Every structure is written in structure tokens, then in C-alpha cells.
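In order, the protein sequence lines correspond to chains A and B. If you're matching positions, the first sequence starts at 1 in this note's numbering and goes up one per residue. If you're matching positions, the second sequence starts at 1 in this note's numbering and goes up one per residue.
To be clear, the hints were calculated from the coordinates, so they are not data collected in a lab. Wrong hints could be hidden among the right ones.
Said to hold, decoys possible - Between beta-carbon pairs, the in silico distance windows are:
no.	chain 1	residue 1	chain 2	residue 2	range
1	B	P111	A	K83	42 to 48 Å
2	B	R27	A	T98	31 to 37 Å
3	A	D143	B	V81	50 to 56 Å
What the hints assert, rightly or not - Rough simulated footprint, nothing fancy, chain A against chain B, three-plus residues with beta-carbon under 8 Å:
no.	region
4	181-193
5	197-204
6	221-233
7	254-266
As the list claims (entries may be wrong) - List of simulated lysine-lysine pairs, BS3-like, C-alpha gap at most 30 Å:
no.	chain 1	residue 1	chain 2	residue 2
8	A	K200	B	K279
9	A	K200	A	K71
10	A	K199	A	K235
11	A	K200	B	K271
12	A	K71	A	K83
13	A	K195	B	K271
14	A	K235	B	K271
15	A	K241	B	K256
None of the values given here were measured: they were computed from a predicted structure. Glycine is no exception: its CB is placed at the ideal position from the N, C-alpha and C atoms.
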Amino acid sequence: MDVTDLKTVFHTQDGVVHAVNGISFHLEEGELLSVVGESGSGKSVTMMSLLKLLPIPPAEIASGKVMFDGKDLLQMDLEELRKIRGGQIGFIFQDPMTSLNPVFNVGFQIMEPLIEHMGLDKKQARARAVELLELVGIPGASDRLNDFPHQFSGGMRQRVMIAIALACDPKILIADEPTTALDVTIQAQIIELIKELRKKLGMAIVWITHDLGVAAGISDRLLVMYGGFVVEHAKVGDLYKRPLHPYTRALLNTLPAEGSGETRLRSIKGSPPNIGAEPKSCPFAPRCDYAFERCHKENPLLERIEGVHDVACWWDVEKEAPRHDG
Amino acid sequence: MTADAETLVRAKNLKVHFPIHAGIFRRQVGAVKAVDGLNFDIKRGETLGLVGESGCGKSTAGRAMLRLYELTDGQIDFEGVDIAGLSKNDLREMRPRMQMIFQDPQACLNPRMTVGDIIAEPLDEHTKMSSKEKRDKVKSLLESVGMNPDYVNRYPHEFSGGQRQRIGIARALALEPDFIVCDEPIAALDVSIQAQVVNLLQDIQDRMGLTYLFISHDLSMVRHIADRVAVMYLGRIVELAPKEELYSNPKHPYTKALLSAVPVPDPEVEKTREHIVLKGDVPSPANPPSGCRFSTRCPVAQKNCFVDDPEWRKIGDGGYVACHYAE
Numbered sequence: 001m002d003v004t005d006l007k008t009v010f011h012t013q014d015g016v017v018h019a020v021n022g023i024s025f026h027l028e029e030g031e032l033l034s035v036v037g038e039s040g041s042g043k044s045v046t047m048m049s050l051l052k053l054l055p056i057p058p059a060e061i062a063s064g065k066v067m068f069d070g071k072d073l074l075q076m077d078l079e080e081l082r083k084i085r086g087g088q089i090g091f092i093f094q095d096p097m098t099s100l101n102p103v104f105n106v107g108f109q110i111m112e113p114l115i116e117h118m119g120l121d122k123k124q125a126r127a128r129a130v131e132l133l134e135l136v137g138i139p140g141a142s143d144r145l146n147d148f149p150h151q152f153s154g155g156m157r158q159r160v161m162i163a164i165a166l167a168c169d170p171k172i173l174i175a176d177e178p179t180t181a182l183d184v185t186i187q188a189q190i191i192e193l194i195k196e197l198r199k200k201l202g203m204a205i206v207w208i209t210h211d212l213g214v215a216a217g218i219s220d221r222l223l224v225m226y227g228g229f230v231v232e233h234a235k236v237g238d239l240y241k242r243p244l245h246p247y248t249r250a251l252l253n254t255l256p257a258e259g260s261g262e263t264r265l266r267s268i269k270g271s272p273p274n275i276g277a278e279p280k281s282c283p284f285a286p287r288c289d290y291a292f293e294r295c296h297k298e299n300p301l302l303e304r305i306e307g308v309h310d311v312a313c314w315w316d317v318e319k320e321a322p323r324h325d326g
Numbered sequence: 001m002t003a004d005a006e007t008l009v010r011a012k013n014l015k016v017h018f019p020i021h022a023g024i025f026r027r028q029v030g031a032v033k034a035v036d037g038l039n040f041d042i043k044r045g046e047t048l049g050l051v052g053e054s055g056c057g058k059s060t061a062g063r064a065m066l067r068l069y070e071l072t073d074g075q076i077d078f079e080g081v082d083i084a085g086l087s088k089n090d091l092r093e094m095r096p097r098m099q100m101i102f103q104d105p106q107a108c109l110n111p112r113m114t115v116g117d118i119i120a121e122p123l124d125e126h127t128k129m130s131s132k133e134k135r136d137k138v139k140s141l142l143e144s145v146g147m148n149p150d151y152v153n154r155y156p157h158e159f160s161g162g163q164r165q166r167i168g169i170a171r172a173l174a175l176e177p178d179f180i181v182c183d184e185p186i187a188a189l190d191v192s193i194q195a196q197v198v199n200l201l202q203d204i205q206d207r208m209g210l211t212y213l214f215i216s217h218d219l220s221m222v223r224h225i226a227d228r229v230a231v232m233y234l235g236r237i238v239e240l241a242p243k244e245e246l247y248s249n250p251k252h253p254y255t256k257a258l259l260s261a262v263p264v265p266d267p268e269v270e271k272t273r274e275h276i277v278l279k280g281d282v283p284s285p286a287n288p289p290s291g292c293r294f295s296t297r298c299p300v301a302q303k304n305c306f307v308d309d310p311e312w313r314k315i316g317d318g319g320y321v322a323c324h325y326a327e
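Let the hints inform the model, and build the full structure from the sequences given.
And the structure:
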């Protein structure tokens, strides 16, 4: 999948909100790409835009191309898109309680995409549903098909969601904060499960999270988002060892280091940006320790530093000098 | 009974059960044993971290410490006075000395009151200050939590999450309490804002000599702020130890699993680290397992763990644990 210059805006009563501002990235087969950022940084909206899962209007995908299998998803009509959604691209949402339908049993909800997309009959779908529930580690799978979502615990519900997303052997799985609503021990179970499934099924995964710890453990590459922009993109090892954007650095620094004995946490001053107006300057500039004149005038573009490491910043944090003259 | 000068609050066999009613006569058919026999003390000026997964009873325990819930059993000594047995009026006298900071800064501020009124409300209730004195006090409180004192006439919706949490903290400080229960004060905030609020809480503690009960599910943040840490599981504290001891040398198998489940923001460490992944879910507190409550998920459980309830015993240097086999 290849995404270029994706732009999403929301038309609201108080004006236009620029949620995603020209984002480009690609996803290779079988890799796990994490998208990290605070709430409001545009990470979920980006992924929802890919499949036009946003209510249009108020949302509008102002520009961009999403190439998948040689076709542009944004140019497709709803009929075609519906075949892709839940078929070749699976989605897992943050909150498994609100994304499962409480009035249908989980068996029906797993079988629905199977009948819809794969053309299975009821019996085949049922057998496949049992298989899927076993795959995601739900004990007594065949008995639990008739249970309703409220009869499952949070972790189990998330497993059901994963089963639904995997139902049609997707090439890409988009997971929007799949473990945020869960406890740490359950989160560990789900992460373990995703790792196993990747080995078995080999699909590509986009993992949206705000937790740098979770991202460290599972990703191949990371995108760091801020104010609707990708500010840094790197392989997992590089990003943690050698963060180049001041925001990434600050974010890593705010985490209490293990046994550092530091009495104060290093915080980032101020608060996340208001994305009401189209940004003309670097969105992080008001909170940045390195910001200088140029940062308040021009918005830096994402540029390649070396290998697979891109950053959008006018300041070179390593040389402690502006990255470009003038 | 007089407590030693060091101890500010002491919980003894603290129990909070919520009755379950069913049937046409709404008869009580059971109880959710949210908190089932806690014993711990909090020393003056220290921060006790209380960690555990959702549903383990940590928030209930925190609220019970201020008697926001009626206790089913047990007692809470606040400077040697058992507040569980106090009458309403006597309890009201004690209130100014203990305050609470809530998790959701959106829900705990009345949207129809101005910030000034919100912070002044405890002053209205508990002091006889004139309105001018109150106004000055409110302004100085806002300043002390790092906000512009001119904001007194604004409404909560005009502020961001981090700022609202600061307002909640200012309100808790209004009566100059000794003891504050912080119930997940940073859980609803963004990572970059969490550090700001934690730093603020620490500054205030240094300045005013406060004692905190810091409830959180974020183990790394608790490690940062707490002096001692208590780990709760299904209504019980399974381990309590000084911070360094607990994190570097956990004794209880649940503590071990919990610590290993926290992801470390370093890909190299993550690759090599051993994760203990617990099986299954937390059992229902309405019907806890017999014997040790952790026995159903414990990776090292023996036969007797399913029968005998482990004793709350001293271990190591200043630590306590409830496990038959912890050493």
C-alpha cells in the first residue's frame, strides 16, 4: 500500500479543522508499521481516511492517493470499497465493547464477513468461525459462538474483534489502539497473540498507539505524528536510539526512566496544538526547546536524512545547528 | 489508641462489600467483595503507590480511606482517630484534612460553575472567610498550580485536560489538607501532559508536606513518584514494599507478572526481555476463588494454594507479601 499526500479536513460550525495535512507513507508486505502520537495528532483519522470510514460530510478527504493493489482506494465507489473493507483490509478498533454489536451473538458477527466477502454458506462459515476463535485463543470456541458480546471480558472481546478482522485473510490489518482499553497483563496477552498471528499468517499490520513502550516491542518501522503531520519516520532501532525530531526526543524523555533516580520528570511545556487553522509554521514550534526564527515562519517538510530515516525539522539536534542555511 | 507519630493513616482489615440484590423481593443474594481485608499504613509525608488492574478494588480502597464509601468492616485510623466510627458531624470536622483528586478532570468539575466558584466551594463549606479573602485565596491557589490567576471567571470547558486537572488539584489544596488520595490523576491525560502534572504534584508535596495515596495502573509512573508501593489483586493487597525493593526484587508471582507485562520503550531490551504472560482473566470479585485469590492464574501455584488463604506476612526489609511460597 502506498499513500501519498493524504489530506483530511473536517467542516465544522466553527470553521475547518485540518486533521491530516498531506501525509505520505508506504506499507510493505508483512511488516508492522506503528503510528505513534498523542490524542488529536491525526493518527486515527489518517487510517480511517484510507478506507473512507469517516462520515462525509463533515469530513472531507481533500487530496491524496491511496494505492492498494494497483488501484486508488479514494477513487473507488462505495460498492468496490465495501469489498476491500473487512475483506482485504481488516480493522480492529480501540474499544471492543462499542465496536461489537450488542444485539447479535459473536458467531453471527464473525460469520457475516465470511458470507458477505468469501461467499461461504452458513455451515462453512460456522466452521471457519470456530477455527478463527480457536486461532485467537478463545477456549471452548464452538460453544461460545452463541454468546453475546457482554458475556465476554474486555480481553476476550478484543480477541473476538481480531477474529472478525482476520476472517477473510486480509493482506493488511489496521489496529487502532487495540490494547489501550485493556489492562497491562491482558495487553501482554494480546500483543503476544498478534506476534504469533503475524508469524502464522504473514499479513502487514498498521498499529496505531500512543504508547512508545508497546511500539518498541512490536514494530519494524514507526511514524511519529504531531498536529496532523508525520514529523519523524524511522526503523524501530534508529528511532529509539537516535531520535532526530525534538518532539520524539521530548516524548521519550517524559517517560520515567527505569531506576534513573531522577527526581523530576522532564515535561514538554504547553499543550498540543489547536488544529483549527491551516498550519503555516512548524506545529511543534511553540513547545519546542530548539525553535528558532525559521520554525515560526515555515513548516518543515519531511526529508530523508539517511537510509530509512526521515524527519521534518529545521534544526539538526545532533549538530545543534540549523539543518539548512537560510 | 494512639498511633506513633510517624504514621498518618492506618487501615486495619479494611473491607468494602457491595451487596447484590436479585429476585422480586430484591433480597441480597451475594456481595461484590471489592475490597476484602486491607492492612497498611501511610507515613506522614510519604507517597504510597497503589497499583493493580482495573476491577481490583484500588479506587474503592482509595475512596473508603476517606470514608466516601461506608466500610463493611475494619477501621481507618487518621492520626489515631478511627474515622470509620465517627458520626456525620465529627467526620465533617475531619474532612478539610483529607482531600481527593479524581481521575476524570472533565467529570469532576461542575460545568456550570466558574473556576473561582469551584475552588472556593470547600472554603464556603468549611471556613468563615470573607468573600475578599476567598477571592485572594483562590487566586493564590491558581498560581500555586501554575495557572493564571485571572482565569477565576472562566468555565471548565475553556480549559484543556491538563489544566482541568490543575483546577482539581487547586480545589483539593484549598483547605490545606494533610492527606490527599490521588485516584488515577494522570490516566486521562496525554503523555506529554502527564509529566507536567506529576511534577506539580511532587512540587506541592515538597512545599506543603503532603501525604499521598497515589492510585494508578501505570507502574512506571508509580515507580517515579512513590516511596512505597502496594500491589492489589482482586480486593487484596498481595505485596507491599519500598519502591526499589518492589521493582528490582518482586516477591509475589503476580507482581512479577505485572512488572514483566509493562512494555519498555527500548526495542533492544524488549527483544531480549522475558515476558510472563498470565493466562486467563481476573475472576469476579463476587465469587473469588478459594485459597489464594491469584491461584487460578498463578504460574507457580501448588496444591495448597487452591485451599489455604496465604497469610499477610513480613518479608525482607520493610516489605509484606501474601503468598505461601514467596521468599
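Hints, one by one, checked against the model:
no. : hint                       : result
1   : B:P111 - A:K83: 42 to 48 Å : holds (45 Å)
2   : B:R27 - A:T98: 31 to 37 Å  : holds (34 Å)
3   : A:D143 - B:V81: 50 to 56 Å : holds (54 Å)
4   : 181-193                    : holds (count 4)
5   : 197-204                    : holds (count 3)
6   : 221-233                    : holds (count 3)
7   : 254-266                    : holds (count 9)
8   : A:K200 - B:K279            : holds (21 Å)
9   : A:K200 - A:K71             : holds (27 Å)
10  : A:K199 - A:K235            : holds (19 Å)
11  : A:K200 - B:K271            : holds (19 Å)
12  : A:K71 - A:K83              : holds (13 Å)
13  : A:K195 - B:K271            : holds (12 Å)
14  : A:K235 - B:K271            : holds (15 Å)
15  : A:K241 - B:K256            : holds (27 Å)
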